[in-house]
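Chains A and B supply the protein sequences, listed in that same order.
Residue 419 in our numbering is what sits at position 419 of the first sequence, and the numbering runs on without skipping anything.
Residue 82 in our numbering is what sits at position 82 of the second sequence, and the numbering runs on without skipping anything.
These aren't lab readings, by the way, just hints derived from the structure by calculation.
The model shown is predicted, which means the values in this text are computed figures rather than measured ones.
Heads up, some of the hints might be wrong.
Stretch by stretch, here's where chain A covers chain B in the computed footprint (C-beta under 8 Å, at least three residues) [as the list claims (entries may be wrong)]:
hint, segment
1, 90-102
2, 297-307
EDC-like cross-link-like pairs, simulated, lysine to aspartate or glutamate; straight-line CA separation at most 20 Å [claimed, not checked]:
hint, chain 1, residue 1, chain 2, residue 2
3, A, K539, B, D511
4, A, K325, B, D511
5, A, K481, B, D511
6, A, K639, A, D653
C-beta: ideal position from N, C-alpha, C; glycine also.
The chain contents come next:
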Amino acid sequence: MSRPIQKVCVIGAGTMGAGIAAQVANAGVPVLLLDIVPKEGSNRNAVAEGAVAKMLKTEPAPFMSKAAAKLVETGNIEDHLEKVAECDWVIEAVIERLDIKQGLYARLEAVKREGTAVSSNTSTIPLAQLVDGRSDAFKRDFLITHFFNPPRYMRLLEIVTGPDTDAGVAAKVEQFADVAMGKTVVKAKDTPGFIANRIGTYWIQLGLNAAFDQGLSVELADAVAGKPMGAPKTGIFGLVDLVGIDLMPHLQASLTSTLPKDDPYHAIARSHPLIEKMIADGYTGRKGKGGFYRLNKDMGRRKETIDLATGEYREMIRAAGPSGKAARGDLRALVETKGPIGDYAWAVLGGTLAYAASLIPSAADDVVAIDDAMKLGYNWKAGPFEMIDRLGAAWLAQRLESEGKPVPEILKVAGDRPFYRVESGVRQYLTLNGTYDDIKRPQGVLSLADVKLAGKPLLKNASAALWDIGDGVTALEFTGKMNALDGEVMKLIVEAIPLVASKYKAMVVYTDADNFSAGANLGLAIFAVNIAAWSEIEKLVAGGQMAYKGLKYAPFPVVGAPAGMALGGGCEILLHCDAIQAHAELYMGLVECGVGLVPGWGGNGEMLDRWQQSKLMPKGPMPAVAKVFETVSTASVSKSAAQAKEMLFLRADDAITMNRDRLLFDAKQKALSLVDGYKPREAPHFRLPGESGRTALGMAADGFHKQGKATDYDMVVSDALATVLTGGDADLVDVVSEQELLKLEREAFMRLVREPRSIARVEHMLETGKPLRN
Amino acid sequence: MQVYEAPLRDMRFVIHELHQDDGFGNLEALEEFSPDLVDAVLEEAAKVAQEVLLPLNRSGDIEGCALENGVVRTPKGFKEAYDMFRDGGWCALASDPEWGGQGLPEAVNKMTEEMICSANLSFSLYPGLTHGGTTAIEAYASDELKQFYLPKMVSGEWSGTMCLTEPHCGTDLGMLRTKAVPQDDGSYKLSGAKIFISAGEHDLTPNIIHLVLARLPDAPAGVKGISLFLVPKYLPKDDGTPGPSNGVSVAAIEHKMGLKASATCQLNFDESTGWLVGKPHKGMEAMFKMMNTERVSVGVQGLGVGEAAYQSAVWYAKDRLQGRSLSGVKNPNGPADPIIVHPDVRRMLMTMRAYNEGCRALGGWVSRALDAEKHATDPAVKQNAEDFIALMTPVVKALFTDLGHESANLAVQVYGGHGYIAESGVEQYARDARIAMIYEGTNGIQALDLVGRKMPAHMGRYLRSFFHPVSSFIEANKADAQFAPMIVGLEKAFGALQLSTGTIAQKGMKDPEEAGAAATDYLRLMGLVAMAYCFAKSALIARDKLAGGSEDAGFYKAKLATAQFYFDRILPQATAAFLAIKAGKASMMALDEAAF
């Protein structure tokens, strides 16, 4: 294999190209972003520079940190193309026109080093056409890498190699995309639309057709094709609004012109007059004047929906979608529901699943590739074959047959067997030749789901479990609803510590879920508040403090491995870990003030300790206190792991894993690396400013209050926080111990939790998911 | 002998002294009801109860109602009493002035209801049902219906009914069959049979307005397909006088255990003209509006009978001479001492007394919430009042009627053999009080409402309206050395309630049967704690009044003694309830159905 990828070039600074460049930069790798020279103006790099500038303002942000943005070097293809020689991978993301792409490749071939991979981000053009006319050397270095939008957040990467593509080059790109860029690579064949868009477009087309044909309202259609089918709740019409209605005719044209004549897509590819009219009138979805849904600002931001029959907008009505089992993931119950719901569900789901099944082996080698593509590219909860398993392959085949529809080969092969099964603790999938193969995880990929197949937990209760993940390492997992933290979690931690200390080497705190933990179980807490169970609440606070400190001072290393949200108590447990191996997508923060409380599980002291030790801080007790006050009183949350480092939620030597699938493995390695000579940290002592510091923080908060940025009650909450952070009635000459700070924290928490306005904030958060600014 | 004198002093205590700090405030809208005015109303109501209604209680029970040629005749004297009652404005007491009511605060009105129920429970149903009907019409009917019917119903000129139950369905109203067919003029034709209709037919008013649950032709199955209709006995003419008969006929009157002077009818509706009240298929909502007000009133019925039973028992215990006191002769001039000297008779009398005072105090608190719900201007106060009412309605209904019936039984016991003889008058209380535990949702249903709906609603928010004041009271008074034992008793019972609440919420989520198995004990536990809280507050007030040299020392001393008795001899039931709840459903559900 040639040298590893140390610099990347992205050509084409549109949304996709720029986003891909940003993700390369997020991986800490320098990237050259080139686009054409604009026809007007003197700045020849304006297009690429403009793209970077725009990304710095985009939400959700393509960049994970400001430092990442600095790794992007901009330029144009007239003046800077020779810099491609510095790069190990060139990603072409220019307009979908064969002639332009081919022209660019010809120029690239002249400047690039041999062994530098060139890949196209095309979503429609076959590889064979792209490399037509190029040298064999170029063909060896060429492949298709199809990213999904937005490249930072969508985990799927479809890779297509041609007959001439060098395996080493492809492996190098794949390795980089996987480990550095965090993508899950699915290998697709060189067929139109590859996997995800081919099935996704079919699904969308079926959904649109059936809603028009069966006379369903847009709301009802989405209420059926969304959550009940395991797709995002936007359903089909909502999704089309999101991606742009005007994209549909393009996709359709592209697929109809490239798919084989006998592909079932031709039979369903239709244009609907209403949709044509909407596009013509500028109703292209969220980016346009509105789509199937819109907010009517003339009617007081009234939510409206288009009537598919009349083409008129009317007030949105919450549709009475599937109920009972059919709403909760029982697909058989869903498609067998009598009436329009079941009819629609069958039309969309039955058709899509049959189509997906027909694509093996033409578009993908195996069912795993197709399932992964749909889960990661379209955010489906389950892939087509996982869904078929829930319906029953034999049942599906029989129903297709009874309706005179062709039964795909792989369904016949399956018979009444499932596509997935677990054999001796290993998950297997059915192959086209009728045998089962193990699902092989790439080296460095580990999941608790796999661990669970192989054994039983060491400890388990209603809210947490402890697993043996091999090599003497254990994993503490939260298992409650939304991974909420409660007394049971604390109980399990307390039980786990002596067990791990006596029989194992280390612990990681990890869950497979999208979000590590959004913090304490507020529903439980509010119930306790409502029944005035103050002593129970105090016990819960004290118990959490004790459990977390127990982890901190345990005689073995504890490594936190968070991904997604780590808020409140979920943030605090990480602050107590010896080290963190974080997924790059980490949204971490102490958000208690938002619900009228203060961190109660030791977060205050841990943050103070970090900032006091930070070399960035001026001397004296006040700067660190002020910094923590600012972060916590505003309930600030990191927008990436990189940002969490800037906020000191992570320490400088904490590590980041880009690929979600590799997080547990990396955390385990990190834990093992800490085992030899492990000594717990020493308990910190704090010198805190006391009353005078509290006054100073109060004045700072008052400024926000006067500007209208803080409410009256924010002042009450921030004063309680200030009391904790400044050490209560401490004096500079006193040393405040960790335990004393915990007591202050507990007292402040207990004071606030009884306040009606804090209670109102918690209730509002639970009922609406949004903070109440009272 | 049926003895009754309205407990005005205790009522005034509850209205003016006990709940002043409960956060429901002094309502500006009700300021016109000065303490003097309130006391005057109570005294007048007492007179009506004692002088007009009480004398008809036993005669009404003996005579009962009669169905003759399709017409129901109420017992002798009822018509005259009703006329007097209506002319005195008592029907309109608590209704909205907009419709001719007097807008009396519920805090006062519920006391007058208690008096009427003490004096004559059967009679109370005639104006009581009308009042329930006006509540639903006011909240849900069209303006046209309101304008036409409300003034006449509020004044008591016309009476009202609630027609829910059918021969095959009571608690499970989703099964009901009465049909309503829309007509071109916007009215409906109703056909079907209803049973157990209180005041369904009688001779007290020239017209009767039935509120009837029925199904529209396109109605979905179950409770979501039920609509509410207004169906007059006689279709009114344009001038408002009763016109032609509307196809509502009485098939029979029920022969009941008690409440004999109240006409409980089987009604047939035969193409009777009616009008929709509220939205199609939303009848249950409207019915619940009416039912919820009614449920508190039914609780008050229990209290009313309990008070009358207590007073009748006291009279007898002082009058009846049997045996000698264990601590020495108390009535040396008589052949024996009055039985009130005996501890076990005292036990019964004190139990009844404590039940009555406890319920009255709790009822007074809930009534203040009813006023705050209607009149409070601060949305937080209003919300808290609504929450408190929602939570306490099942407690008031079930607890008061359970205890009222228990008091009636105790009265029979105090009378001994004579109590079992009709002539004594007290067995009537036991028979009359029995129904209050059943109608408007059986007490078992109330308990399910409490644990299944009220407890989990909004993550326990309703509970806060009750648990927080109790918790704060305990914290505020824990240091009071003199009352420490009482506060500790309250704290223990409250702790048991908190624990049970947590347990039921948790277990019930996984297994609804666990919640169902705990429901009745839990409701009782909450009721016991609520009364304990009221008694502790009362005791503190009484102590301060006595220390301040109140002229009313007798009343306050008695209040202290009753409170102490409650804590010593009744509150321990909380522990029993707690243990029963803790035991769970296992033994309750263990037997196979076949083993029964």
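Now for the hints, and whether the structure bears them out:
1. 90-102: violated (count 0)
2. 297-307: violated (count 0)
3. K539/A <-> D511/B: violated (27 Å)
4. K325/A <-> D511/B: Given pair K325/A, D511/B holds - Cα atoms ~18 Å apart, limit 20 Å.
5. K481/A <-> D511/B: OK: K481/A and D511/B at ~18 Å, within 20 Å.
6. K639/A <-> D653/A: holds (19 Å)
Of the numbered hints given earlier, the model fails hints 1, 2 and 3; all others are met.
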